[in-house]
Amino acid sequence: MTSQSKQAEMLSGAAMVIRALADEGVEYVYGYPGGAVLHIYDALFQQTQVKHVLVRHEQAATHMADAYARATGKAGVVLVTSGPGATNAVTGIATAYMDSIPMVVLTGQVMSHLIGEDAFQETDMLGISRPIVKHNMSVRRPEDIPALIRKAFYIAQSGRPGPVVLDIPKDMTIPSQTFAYDYPSEVKLRSYQPKLKGHSGQIKKAVTALLAAKRPIIYAGGGVIMGRASDELTELAQLLNVPVTNTLMGLGAYPGDDKQFVGMLGMHGSYEANQTMHHADVILAVGARFDDRVTNNTKKFCPDATIIHIDVDPASISKTVNAHIPIVGLVQPVLEEMLGLVKQKKKKLDEAALASWWQQINAWRAVHGGRYDTTTSQIKPQHVIEMVSKITKGNAFVCSDVGQHQMFAAQYYKFNKPNRWINSGGLGTMGFGLPAAMGIKLNFPDDDVVCVTGEGSIQMNIQELSTCKQYGLGVKIINLNNGYLGMVKQWQDMNYESRYASSYMDSLPDFIKLAEAYGHVGIRVTKPEELEPALERAFALKDQLVFLDIHIDPKEHVYPMQIPGGAMNELFLSKTERT
Amino acid sequence: MRHIISVLLENESGALARLVGLFAQRGYNIDSLTVAPTEDATLSRLTLVTHGNDQVIEQITKQLHKLIEVVKLTDLSESAHIERELMLVKVKAAGNQRDEVKRCADIFRGQIVDVSANTYTVQLVGTSDKLDAFIQALSGSQILEVVRSGVSGISRGEKTLAM
Ligand SMILES: Cc1ncc(C[n+]2csc(CCOP(=O)(O)OP(=O)(O)O)c2C)c(N)n1
Ligand SMILES: [Mg+2]
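In order, the protein sequences belong to chains U and V.
Each residue of the first sequence is one higher than the one before, counting from 2 in the numbering used here.
Each residue of the second sequence is one higher than the one before, counting from 27 in the numbering used here.
Quick caveat, the hints were computed from the structure, so don't treat them as lab data.
Please read these numbers as outputs of a predicted model, since none were measured by experiment.
The beta carbon of each residue, even a glycine, is placed where N, CA and C say it ideally should be.
Do not take every clue at face value.
Said to hold, decoys possible - Mimicking DSBU-like on lysine-lysine, the simulated pairs with C-alpha atoms at most 30 Å apart in a straight line are:
id, chain 1, residue 1, chain 2, residue 2
1, U, Lys198, V, Lys92
2, V, Lys92, U, Lys320
3, V, Lys88, U, Lys189
4, U, Lys152, V, Lys98
5, V, Lys88, U, Lys152
6, V, Lys128, U, Lys205
7, V, Lys98, U, Lys198
8, V, Lys88, U, Lys198
9, V, Lys118, U, Lys196
10, U, Lys189, V, Lys128
11, V, Lys116, U, Lys189
12, V, Lys185, U, Lys301
13, V, Lys98, U, Lys75
14, U, Lys300, V, Lys88
15, U, Lys198, V, Lys185
16, V, Lys88, U, Lys205
17, U, Lys205, V, Lys92
18, U, Lys196, V, Lys185
19, U, Lys215, U, Lys198
20, V, Lys156, U, Lys189
As the list claims (entries may be wrong) - Sample of chain V residues at the chain U side, in silico, Cβ under 8 Å:
id, residue
21, Arg44
22, Ile56
23, Glu95
24, Thr100
Just need the whole structure built from these sequences, with the hints factored in.
Structure follows, in structure tokens:
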């Protein structure tokens with residue numbers, strides 16, 4: 002990575018920023034220019050290694066970088082100007098932070114001597130971003146730039162990943178002032194040494210507890226995806242024949258069409274996943290954080306379970322639910338060590354107990370597995386997703402916006418691979434879907450990339466259709482158009498006697514014409530029989546962006562849905578049934 | 027439960043703001059906070075008094091650990107330690123009140139560090155409890171101003187919080 006042997010080169014601060022990114026192996030920077038970063042943009046222009054993607058709004062740049070990171074585990078890079086450029090990036094930084102996504106955000110800043118004077122386009126970006134970053138720093142001397150960028154990547158990508166903001170005052174990048182450039186290969190911080198391996202004693206205990214289980218379940222979250230441990234997780238689960246549930250963030254960590262998979266758990270989780278969790282005697286939680294959208298009422302959470310919790314972040318352990326056997330460490334080496342022990346012990350779980358556990362699980366499955374009304378003449382969103390899943394064989398990148406459509410995508414798409422379900426789980430950012438799909442398509446041009454969205458969400462970053470044209474991003478947009486902010490409407494149906502306060506959107510644009518105006522293909526689908534041919538046609542148009550405006554049943558609700566204040570297995574199952 | 031958390035922090039700009047921000051952001055209490063550089067100019071030593079149940083305190087120490095600039099920390103209240111706080115109290119001291127205040131200061135081993143025709147300023151060092159007790163004892167007098175430093179703490183014996 003570095004050039005210790007080479008004679009130190011003399012570079013300006015601006016050139017150092019770009020060179021450091023190149024040395025870090027960065028191919029794309031997503032951004033938008035402005036006064037404070039013009040020196041850096043000029044340095045970008047003068048080389049070819051690092052390519053810049055010009056979005057139409059800075060929020061989109063952050064989501065593109067974020068999606069790249071979700072798919073690859075490597076930090077995405079954003080470059081924006083000071084003031085409004087930086088504040089426009091805030092939602093995207095918070096989105097990445099909530100889902101522990103590595104990202105390096107370079108924000109321009111006014112000249113050092115103007116800081117604090119309310120100068121033109123000055124905002125305290127360090128102050129603004131502090132609660133939504135893993136770390137932030139500012140450049141005080143141009144010669145520090147290489148080390149600061151190395152440090153930013155190191156912090157963003159190690160331990161529990163997260164976004165890092167580096168604020169760069171304009172006078173740190175003056176082209177005429179040059180300094181010796183040396184990119185450090187290593188960063189050592191006395192105050193930050195993330196734990197890697199888990200405690201062997203704890204791992205032994207965990208294996209013993211797991212092997213003694215009569216009603217075990219593995220509960221796997223986004224940590225397995227970002228921690229690249231889905232192979233180990235799958236092997237362990239299959240070796241022991243233990244059921245697996247994934248969180249919203251963990252979808253794809255375990256193959257979605259495998260018989261041991263009981264579906265997603267939590268607020269809109271499957272009946273069988275929530276039942277299996279609730280009745281388990283041992284829960285192996287891996288890279289998941291027992292958040293409120295999973296546990297429902299923590300006081301009623303899984304009363305009989307011994308909880309083994311593997312997480313790289315000690316603060317995630319026993320935060321909301323007490324862990325009986327905590328293991329702090331990267332999930333991949335911990336699972337590998339567990340696998341080794343299990344194989345060495347040659348012990349399996351009690352066969353009779355496991356058989357009756359599976360019998361029970363299958364009974365739960367038989368009762369309420371993935372039902373929805375198929376008798377109407379309207380297009381059902383669930384059916385659309387199942388069809389997309391079928392056509393793409395569970396291998397597409399599915400980038401979602403936020404709302405009912407997101408939950409339908411999570412429930413009905415069968416994710417067979419990790420890092421392919423790209424959604425804003427923690428912050429729930431409407432407007433995430435399209436830019437995320439763009440970031441994926443740019444980096445994986447040969448893969449099918451789907452953006453599942455709603456007519457509300459898509460309009461939050463619809464301007465990016467222009468960016469898609471510029472860079473030839475053939476994303477397939479599945480607009481599940483119900484004419485409502487459907488998730489809001491669902492809550493109003495359930496809790497406010499269907500008083501639809503501002504959840505109906507009048508004056509929707511003609512999405513077909515809109516797509517065409519931006520130079521893309523638009524297809525409207527209003528009847529069930531049109532659906533399959535429309536999807537076939539869209540996916541056949543390989544390099545084209547196709548906007549499928551699919552008019553679905555506006556009355557549909559997402560079920561199951563946890564009953565507020567209840568245990569995790571207390572669910573509404575349809576508009577008329579509950580557990 | 028009251029806890030005294032001692033932190034070694036990188037002496038960098040923004041580090042203190044980040045630490046204090048964490049408490050505000052997550053709704054933890056700060057009862058008192060003292061901070062100053064150590065003999066090693068690159069490190070600040072910070073003593074923070076907080077309260078909460080065991081789960082909250084565990085989260086506080088874990089979340090503090092996560093801050094990149096936090097080098098080391100310890101919960102002093104978990105083992106034998108010394109805590110000291112300094113207080114300056116300006117009290118109305120006119121006529122026969124003057125003897126009363128002086129006597130009270132003597133009992134608490136306080137020192138009168140400033141005088142005026144109508145006031146005494148008493149300096150007192152001790153645990154927070156002792157300082158509280160002194161204020162109680164002065165309840166007969168008119169307190170004009172109280173300034174407390176917040177707690178500084180250190181472990182007893184050979185245990186240290188250092189690099
Ligand atoms: C930026 C932002 N604003 C508001 C919300 C609250 N919210 C969550 S879902 C939703 C409705 C989304 O509507 P649409 O995109 O049409 O999806 P649908 O639920 O109809 O499938 C809203 C407003 C949010 N998550 N993000
Ligand atoms: Mg909608």
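Hint by hint, here is what the structure shows:
1. Pair hint Lys198(U) plus Lys92(V) holds up; C-alpha atoms about 17 Å apart against a cutoff of 30 Å.
2. For a cut-off of 30 Å, the pair hint linking Lys92(V) to Lys320(U) stands: about 14 Å separates their Cα positions.
3. Taking the CA atoms of Lys88(V) and Lys189(U), the gap is about 21 Å. The hint holds against a cut of 30 Å.
4. For a cut-off of 30 Å, the pair hint linking Lys152(U) to Lys98(V) stands: about 20 Å separates their Cα positions.
5. Simply put, Lys88(V) and Lys152(U) have alpha-carbon atoms about 22 Å apart, close enough for the 30 Å limit, and the pair holds.
6. Between the alpha carbons of Lys128(V) and Lys205(U) the distance comes to roughly 65 Å, so the proposed pair goes past 30 Å and is violated.
7. Annotation: proposed proximity of Lys98(V) to Lys198(U) holds, straight-line Cα distance about 20 Å (limit 30 Å).
8. Simply put, Lys88(V) and Lys198(U) have alpha-carbon atoms about 18 Å apart, close enough for the 30 Å limit, and the pair holds.
9. Pair hint Lys118(V) plus Lys196(U) does not hold up; C-alpha atoms about 57 Å apart against a cutoff of 30 Å.
10. A threshold of 30 Å between alpha carbons decides the hint, and for Lys189(U) with Lys128(V) the separation of about 56 Å lies outside it, so the pair is violated.
11. At most 30 Å may separate the alpha-carbon atoms for a hinted pair to count; Lys116(V) and Lys189(U) exceed this at roughly 50 Å.
12. With a C-alpha separation of about 42 Å, the suggested pairing of Lys185(V) with Lys301(U) is violated against the 30 Å cut-off.
13. Our distance criterion of 30 Å between C-alpha atoms is met by Lys98(V) and Lys75(U), whose separation comes to about 29 Å.
14. With a C-alpha separation of about 23 Å, the suggested pairing of Lys300(U) with Lys88(V) holds against the 30 Å cut-off.
15. For the hint pairing Lys198(U) with Lys185(V), the CA-to-CA distance comes to about 28 Å; that is within 30 Å, so the pair holds.
16. In summary, the hint linking Lys88(V) to Lys205(U) is supported, as the alpha carbons are separated by about 24 Å, within the 30 Å threshold.
17. With a C-alpha separation of about 27 Å, the suggested pairing of Lys205(U) with Lys92(V) holds against the 30 Å cut-off.
18. With a CA separation close to 24 Å, the supplied pair Lys196(U) and Lys185(V) stays within the 30 Å bound.
19. A hinted pair counts as satisfied when its Cα atoms are at most 30 Å apart, and Lys215(U) with Lys198(U) qualifies at roughly 28 Å.
20. About 44 Å separates the Cα atoms of Lys156(V) and Lys189(U), which puts this hinted pair outside 30 Å; it is violated.
21. Annotation: Arg44(V) was flagged as interfacial toward chain U, and the flag holds, the nearest CB pair being 6 Å apart, inside 8 Å.
22. Because the beta carbon of Ile56(V) sits about 16 Å from the nearest beta carbon in chain U, more than 8 Å, this interface hint is broken.
23. Contact between Glu95(V) and chain U, as hinted, is supported at the beta carbon level, the nearest pair being about 6 Å apart and thus within 8 Å.
24. With 8 Å as the threshold, the beta carbon of Thr100(V) stays out of range of chain U, its nearest partner Cβ sitting at about 15 Å, so the hint is violated.
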